[in-house]
Amino acid sequence: MDTELNAQPSLLQEDSQNAELAVVVRGLHVYYGARLVLDNISLDVEQKQVTALIGPSGCGKSTLLRCFNRLNDLIDDCHVQGQVRLFKRNIYHPDEDVVTLRRQVGMVFQRPNPFPKSIFDNVAYGVRLQHKLGARELREVVRWSLKAAALWDEVKDRLSESALKLSSGQQQRLVIARALAVKPSVLLLDEPASNLDPISMLKLEELITELKSRYTIIIVTHNMQQAARVSDHTAFIDQGRLIEVSDTRSLFTHPKQKQTEDYITGRYG
Amino acid sequence: MSLKLNQHISREFNAELERIRSQVLRMGGLVEAQLVHAVQALREGDSELADEVLKADQRINQLEVEIDAECTEIVALRQPAASDLRLIMGVIKTISDLERIGDEAKRVAKMADSDLAGHLPEHMSMEINYMADLARGMLHDVLDAFARLDADDALKIAQRDRQVDLKYESITRQLITYMVQDAKSIPTALAIMWAVRSLERIGDRSQNIAEHLIYLVRGEDVRHVPLDDLLQSANPRKTR
Numbered sequence: 001m002d003t004e005l006n007a008q009p010s011l012l013q014e015d016s017q018n019a020e021l022a023v024v025v026r027g028l029h030v031y032y033g034a035r036l037v038l039d040n041i042s043l044d045v046e047q048k049q050v051t052a053l054i055g056p057s058g059c060g061k062s063t064l065l066r067c068f069n070r071l072n073d074l075i076d077d078c079h080v081q082g083q084v085r086l087f088k089r090n091i092y093h094p095d096e097d098v099v100t101l102r103r104q105v106g107m108v109f110q111r112p113n114p115f116p117k118s119i120f121d122n123v124a125y126g127v128r129l130q131h132k133l134g135a136r137e138l139r140e141v142v143r144w145s146l147k148a149a150a151l152w153d154e155v156k157d158r159l160s161e162s163a164l165k166l167s168s169g170q171q172q173r174l175v176i177a178r179a180l181a182v183k184p185s186v187l188l189l190d191e192p193a194s195n196l197d198p199i200s201m202l203k204l205e206e207l208i209t210e211l212k213s214r215y216t217i218i219i220v221t222h223n224m225q226q227a228a229r230v231s232d233h234t235a236f237i238d239q240g241r242l243i244e245v246s247d248t249r250s251l252f253t254h255p256k257q258k259q260t261e262d263y264i265t266g267r268y269g
Numbered sequence: 001m002s003l004k005l006n007q008h009i010s011r012e013f014n015a016e017l018e019r020i021r022s023q024v025l026r027m028g029g030l031v032e033a034q035l036v037h038a039v040q041a042l043r044e045g046d047s048e049l050a051d052e053v054l055k056a057d058q059r060i061n062q063l064e065v066e067i068d069a070e071c072t073e074i075v076a077l078r079q080p081a082a083s084d085l086r087l088i089m090g091v092i093k094t095i096s097d098l099e100r101i102g103d104e105a106k107r108v109a110k111m112a113d114s115d116l117a118g119h120l121p122e123h124m125s126m127e128i129n130y131m132a133d134l135a136r137g138m139l140h141d142v143l144d145a146f147a148r149l150d151a152d153d154a155l156k157i158a159q160r161d162r163q164v165d166l167k168y169e170s171i172t173r174q175l176i177t178y179m180v181q182d183a184k185s186i187p188t189a190l191a192i193m194w195a196v197r198s199l200e201r202i203g204d205r206s207q208n209i210a211e212h213l214i215y216l217v218r219g220e221d222v223r224h225v226p227l228d229d230l231l232q233s234a235n236p237r238k239t240r
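One line per chain: the protein sequences are A and B, in this order. Each step along the first sequence adds one to the number in our numbering, with nothing skipped, and position 152 is 152. Each step along the second sequence adds one to the number in our numbering, with nothing skipped, and position 208 is 208.
I should point out that these hints are in silico values taken from the structure, not numbers from a laboratory. Predicted model, so just to flag it, every value in this text is computed and none were measured. You may find that some hints are simply not true.
Taking lysine-lysine and the DSBU-like style, the derived pairs with C-alpha atoms no more than 35 Å apart in a straight line are [to be verified]: (1) Lys93(B) - Lys203(A); (2) Lys117(A) - Lys212(A); (3) Lys93(B) - Lys256(A); (4) Lys258(A) - Lys93(B).
Chain A extracted, bound-state conformation (with noise of 0.2 Å):
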């Protein structure tokens, strides 16, 4: 993957007087291979708030969250231009090492992707690699990040058990609690609901609300209901530009631009 970067003093005066921002984008252009999947997108994304995409397949949404994480590194011909800071640091900078933002940008998938360990160490897996903790000290933080999952009183009696036990709603909370236990500071969810039972699916909206008060969630969905349910600020993307973003009540209220008027209403253009 390459990277062409550009510091432009001005924007990074801009981060400066805002600093609610967690994820600042700019001029960001993604290309695979010859292909343009995303093209020229500037966002901002607040911190301790629910940012959601939204858009029809192919569009770019998973590209763009894979940018905040440099997951896009490891496609082969993956190019990327333009920039992406995280709390003002441009992640795309040389001297970034992607092992440790990845660790302060977790991320959960749409299939939930437990290891064939026990609950357990599923949870303290990140957390070992990164730490030499204590028997008790380590207890403490699987409980801890259990808990923020709201996992807990569910599996505290079974953690020794493995972890594909669980059901699919349990599993993805189980990941989301992997990625809580190394602290992370922003969460990417990529459609993380779409395999899920509709009960299991309200209790991970629940938790995605009860998150945002300690972390900046973005979040991918094909689920414009749920978008509007867990999200502050909304982005619609269509053929890898974004066509508009501002806050949730108003985008599906009223919506300024026909496009998107026309995608969640269901019309065609």
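Following the hints, position chain B against chain A.
Positioned in the frame of chain A, the structure of chain B alone reads:
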């Protein structure tokens, strides 16, 4: 952004919205006819026509319930957003105002059974007629604007409520003068006052419908916003 009801990917949803829209217009047509008949019954002392008005009100109430149920169903099953959501919310509020206009017309019609009916002083009959025309004109035009989803027209119609209010005040002043001059005229004057009060309320409710229409087309809540401010923002150069 113009509002189109027929461009959803789901053709069934298009049909549901279109059906709701036409039912509102049908309800509006019935309410307008009620108003015309009620004023005619009052002026001519036609108690049969007044009875018809009272009976027809049941159909209006029934339509309100039916449209309400369809809107609730759409909210539950389609989870509408943006202009579709505003349309549903606008319709729910509009049919409530239409039903109340029907009730006001019924109140006017009930006066047709009083001693007053058919014996209104000529100039008062003309005044009431003129005021009824103003209120009915507002109702007719706002329904027409609703059929076309025309927010610009709705704004102009909302302004016309001021004329209805002025006419109401003028008639009220005259009636007070009669009552002061001749105590015997008090029962008649009070009865007329009730009728014109209903007409004044019909103007208010037609203005409400115009405001709902502006909201559903533009997404702008203009209730409780002074009309002058609205005109200023709609046309900053012309109005000063």
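Hints, verified against the model:
1. Lys93(B) - Lys203(A): Given that 35 Å is the threshold and the Cα spacing comes to 34 Å, the pair holds.
2. Lys117(A) - Lys212(A): holds, 28 Å
3. Lys93(B) - Lys256(A): holds, 24 Å
4. Lys258(A) - Lys93(B): Answer holds: Lys258(A) to Lys93(B) is near 25 Å, not above 35 Å.
Every hint from the earlier list agrees with this structure, and none is contradicted.
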